Amino acid sequence: MTTGTIKLRTAIKDGVATVRALIRHPMDVGSLGREGQPQRDPHYIHTVRCEHNGAAVFTAHWGFGIAKDPYLSFEFGGARAGDHLSIRWEDNHGESDALDATL
Amino acid sequence: MSTERHDSARRRWLGRLLALATLPVLGAWRAALAARPVRAFHAEKLDETIAALAGDALPLTSEKITIGMAELAENGAVVPVKIAVDLPEVREIAILASRNPVPLLASFELGPTTRPFVATRVKLAESCDVCAVVRTANGVYIARKAVRVTVGGCGTIS
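Line by line, the protein sequences give chains A and B. Under my numbering, the first residue of the first sequence carries the number 1, and numbering increases by one thereafter. Under my numbering, the first residue of the second sequence carries the number 1001, and numbering increases by one thereafter.
You may find that some hints are simply not true.
As the list claims (entries may be wrong) - Facing chain A, according to a computed beta carbon distance under 7 Å, are these residues of chain B, among others:
#, residue
1, Phe1041
2, His1042
3, Val1078
4, Ala1119
Stated by the list, open to error - When the alpha-carbon atoms are kept at most 27 Å apart in a straight line, the in silico BS3-like pairs for lysine-lysine are as follows:
#, chain 1, residue 1, chain 2, residue 2
5, B, Lys1064, B, Lys1082
6, A, Lys13, B, Lys1145
7, B, Lys1145, A, Lys68
8, A, Lys68, B, Lys1045
9, B, Lys1045, A, Lys13
Worth flagging that the hints you see were computed from the coordinates, not collected in a lab. Owing to the predicted nature of the structure, the values given are computational and were not obtained by experimental measurement. All C-beta atoms, glycine included, are put in the ideal place defined by N, C-alpha and C.
Just chain B, same shape as in the assembly (with noise of 0.2 Å):
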């Protein structure tokens, strides 16, 4: 009788400290989940867009990183963009827009097997610098390419 209740009162122990223990590897698990670039994503300024992604460091203009897509882009709701990077380790590539109220388009990130590259569709409000931020284990570059826009495809078009 008295060590069926000390069982009880054991596992009962047992069952918080494990819930304890739980606790700091969910919070691990989530910040690995929450990494999306909140503050860039609410940066109106391209510059601001680049400095929240790029934290501390200091972006560096790379040739290595190709933004592949028409100059001209008739409509801007529908623009095909592709980057590849030709860098190591590549951890976030980000798609910005110098003139859309929100630079910040998409910001990928890969996993240790994923290669350095991207293609996916855009709108673009107007004429613009499309930027491609990239951050690897060794630091931030940064890329541009000027695009025409003749029809843009932000606030009208949904």
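Just chain A, same shape as in the assembly (with noise of 0.2 Å):
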């Protein structure tokens, strides 16, 4: 598991909070080894799922159409200050990264 990857932003209105993630990751969609050049396989993040007080609210499936050091945003509802949040992505080289945040 790697480490350090994951840089998240939230902040609360009315109830409603809005997450922001940013996550280093290269993202490649691979080559083909045209001429000479090696083949290089696809790498890039598949899943990210994301826990508000352990209950699933947003999970991302990706393909390597994302771009490189992808960023993620979106809200939710009945959230407080003190919630638990916690962000956890996965990529096809078994790769992972995970973290936990309080809101």
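With the hints in hand, could you dock these two chains into one complex?
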């Protein structure tokens, strides 16, 4: 498991939490190995899962069509200051990282 | 002595029963996690991708879906996209690019408290239609927006 790849910003307004996450990852489409170049397999995050107090609020399924160093933003209701938020990604090489935060 | 033996046998059986009882629960849990639209990610044509996402439903064009992005993207490798939906009970939002080698860029599953909104940054291979396919409790809806791309962002730039 890699660490320190997730940057998280959260804000609460009227019970609605806004989450903005920035993940450090190559999101590489790979290459087919034309003319002497070695073939490179794609390397991309396929799942990002976010939980609010243990309940899934947001799950992203990605392909390699997501830009390098992915940015993600979403909003959910029923949020209070002090609530627990966790975010975890997993890529197609079996690497992952997770971050726990307090709203 | 004999009761002890009975007890251990009973414990063994109880353990097996418990293991059996948890199997379907684990299965359901795994099924809930395995909601990745695998077939849609394997599709290479826009229509096939939409069909794979929509399943049996017929996607209806909706003006309640807003695709927030610039009509001209200078760098196809990093194109900001925002999707906002003004429909009730949105379960899933998918973003597609009509001319990418893999049209499906992302699919987002929303929880019951999650607002029907998502923002991210995608790669566009060339000028194309960006589509949002939205699944709600009542059906599947679709919107599209034409985007011009100056420098493509697939294949060459990682």
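*Check each numbered hint against the structure and report the violated ones by number, ascending.*
Numbers 2, 6 and 9 - these are the hints that the structure violates, sorted from lowest upward.
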